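Protein chains in written order, with the working numbering: chain A, 1 to 299; chain B, 1 to 299.
Since the hints were derived computationally from the structure, they do not count as laboratory data. All values reported here derive from a predicted model rather than from experimental measurement. Virtual Cβ for every residue (Gly too), placed ideally from N, Cα, C. Any given hint might turn out to be false.
[To be verified] A partial selection of chain B residues facing chain A, derived with a Cβ cut-off under 7 angstroms: (1) Ile27; (2) Ser29; (3) His48; (4) Val56; (5) Ser77; (6) Thr78; (7) Asn99; (8) Ala126; (9) Ile128; (10) Asn131; (11) Leu287.
There are 2 protein chains.
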Amino acid sequence: MNTEMGSTTQNGDAEGVLGQEFTSHVIESMGPNTSPRTREVMTAFIQHVHDFAREVQLTMDEWMLGVQMINWAGQMSTDRRNEGQLMCDVIGLESLVDNITYQAAARSGKPVTASAILGPFWRADAPIRPNGSTITFNTPKDGQVALMHGKVTCAETGAPIANAVVDIWQASTNGLYEQQDDKQEEHNLRGKFVTDANGDYSLYCLRPTPYPVPNDGPAGKLLSMLDRHEWRPAHIHLIIQADGFKPVTTQIFDEDSKYLEDDSVFAVKSGLTVKFNERKGDPQATLDLEYNVTLAPKK
Amino acid sequence: MNTEMGSTTQNGDAEGVLGQEFTSHVIESMGPNTSPRTREVMTAFIQHVHDFAREVQLTMDEWMLGVQMINWAGQMSTDRRNEGQLMCDVIGLESLVDNITYQAAARSGKPVTASAILGPFWRADAPIRPNGSTITFNTPKDGQVALMHGKVTCAETGAPIANAVVDIWQASTNGLYEQQDDKQEEHNLRGKFVTDANGDYSLYCLRPTPYPVPNDGPAGKLLSMLDRHEWRPAHIHLIIQADGFKPVTTQIFDEDSKYLEDDSVFAVKSGLTVKFNERKGDPQATLDLEYNVTLAPKK
């Protein structure tokens with residue numbers, strides 16, 4: 001890292017490339033009322049951004065391309081799509097931050113359910129549905145329906161947790177979430193399920209299939225610049241919350257899926273793969289998926 | 001910099017914080033058709049972003065605040081406003097990149113005119129106006145008019161450069177550029193001037209005054225978080241171009257202005273300050289500003 005470039009002076013009034021002295025000046029311009037945490041985070045952020053620009057001798061055109069991609073991300077984002085988040089995802093940042101958070105939660109030493117990134121397609125207003133009901137209302141011809149079921153328990157006592165909320169969402173076999181697809185009804189493949197007195201939940205869903213992340217915005221352009229594919233392995237998104245416990249945001253991956261090794265958003269971790277088994281005698285489903293969740297109590 | 005955090009494994013299936021191994025995996029996912037320069041830039045970018053997140057143990061909430069600010073920047077940006085650029089400016093990035101570029105240009109050893117950042121208020125479609133004409137069409141009561149004039153010459157031979165284009169823009173005394181202010185007419189305080197056979201240009205403009213950068217978007221929020229003021233010292237923006245010469249983007253600062261030491265976008269450099277002198281016998285102006293420009297020939 002070259003932080004000693006700023007001291008040379010050329011041609012009398014022409015300064016050399018702004019070095020660490022300039023970066024320190026920018027950092028030290030923070031006022032006394034900045035919170036300690038903001039100061040810590042922004043000191044490191046400014047230092048790394050400046051070091052990056054100096055290391056690669058960033059040009060105005062390259063910088064402006066970055067600015068345009070930031071502005072483009074915002075312009076594409078709506079309450080149904082978060083392109084800024086997707087750009088972070090394709091460089092692994094959301095997975096990294098998720099893991100930092102998970103590591104902090106796991107320091108208790110108890111085996112809690114592994115986390116994964118939220119992704120940009122969660123919606124706050126998904127409906128609560130009864131256990132045993134379905135989330136697939138526009139089942140495509142190539143879709144396989146599974147009964148998904150499991151128990152939510154306490155990581156310390158092993159006791160079942162009643163009234164835990166299991167919030168679940170998934171894409172259809174065309175790779176689109178309902179908010180991306182006019183042909184799916186509102187909240188298709190999405191719903192919240194509340195565990196019963198035994199901590200159990202159940203629902204009918206689709207066996208997930210791999211799909212590409214949207215490539216019509218700056219995240220897609222970035223993937224193309226990096227010569228990378230857009231595909232994600234087959235997965236189901238979940239947030240599990242219960243009163244008195246730390247919530248978990250996660251994804252579960254079909255262990256037979258393609259792209260487990262090269263997920264375009266780097267969300268696959270050990271402990272997150274699940275197995276779909278054959279299910280017999282159920283007119284609603286040909287597959288069975290058991291998925292149990294362990295939550296850590298709040299301190 | 002902690003890059004050794006990723007190797008520990010807790011609780012069987014719970015991985016530790018993703019360390020350098022994860023970062024290398026993200027970097028190495030670039031395909032063979034990435035251009036060498038894209039690979040160089042993005043390798044450094046991903047490394048620094050990941051190192052930043054690990055160093056400060058970035059939380060999901062903090063990361064999401066950053067995503068929201070990125071999206072907000074794009075949503076505020078139009079063809080008349082570039083908030084993504086302004087966010088970069090308040091952390092000194094545009095000045096740094098400008099200086100990297102200028103350093104490369106100055107390696108020839110000739111004394112070319114010092115550069116400064118473009119800023120977000122330049123417009124591509126400013127009109128060409130005759131020498132000796134004005135750019136101030138809505139002169140405010142508190143405005144002082146100056147005759148600005150000078151010569152554009154070659155850095156190698158000292159010869160005057162005819163037909164150089166001097167593109168100039170400035171804010172009014174209320175701190176607003178015309179595209180920000182319904183009360184200013186289109187292209188007020190903005191215009192392009194073409195040097196005559198002697199390399200001379202001249203125009204009437206306002207003596208600039210300090211103004212705050214817009215604080216109604218994420219750049220303003222960032223300044224507030226950093227407990228910094230929004231003010232810029234009094235300045236005039238310029239781009240000078242001529243056939244066969246390297247263009248210069250710069251700003252000139254009134255040497256008597258406030259905020260020369262603490263410009264909110266860090267654009268002030270030595271060699272960019274100018275002096276406004278008294279002007280007598282000119283009914284159009286009470287001040288005189290001489291500003292000469294030296295351009296480096298293209299190799």
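Hints versus structure:
For Ile27 of chain B, the interface hint is violated, the least distance from its beta-carbon to any beta-carbon of chain A being 9 angstroms, above 7 angstroms. For Ser29 of chain B, the interface hint holds, the least distance from its beta-carbon to any beta-carbon of chain A being 6 angstroms, beneath 7 angstroms. The interface hint given for His48 of chain B holds, since its Cβ lies 4 angstroms from the closest Cβ of chain A, which is under the 7 angstroms cut-off. For Val56 of chain B, the interface hint holds, since its Cβ comes within 7 angstroms of a Cβ in chain A; the closest pair sits about 5 angstroms apart.
Annotation: Ser77 of chain B was flagged as interfacial toward chain A, and the flag holds, the nearest CB pair being 4 angstroms apart, inside 7 angstroms. A least Cβ separation of about 9 angstroms between Thr78 of chain B and chain A goes past the 7 angstroms threshold, and the interface hint is therefore violated. With a least beta-carbon distance of about 5 angstroms to chain A, the hint placing Asn99 of chain B at the interface is held under the 7 angstroms criterion. Taking 7 angstroms as the C-beta contact cut-off toward chain A, the hint placing Ala126 of chain B at the interface is violated, the least distance being around 19 angstroms.
Checking Ile128 of chain B against chain A by beta carbon gives a least distance of about 24 angstroms; that is not within 7 angstroms, so the hint is violated. Interface hint status for Asn131 of chain B: violated, as the beta-carbon distance to the closest one in chain A is roughly 27 angstroms, over 7 angstroms. Taking 7 angstroms as the C-beta cut-off, the interface hint given for Leu287 of chain B is violated, the closest approach to chain A being about 23 angstroms.
This entry does not satisfy hints 1, 6, 8, 9, 10 and 11, going by the numbered hints stated previously.
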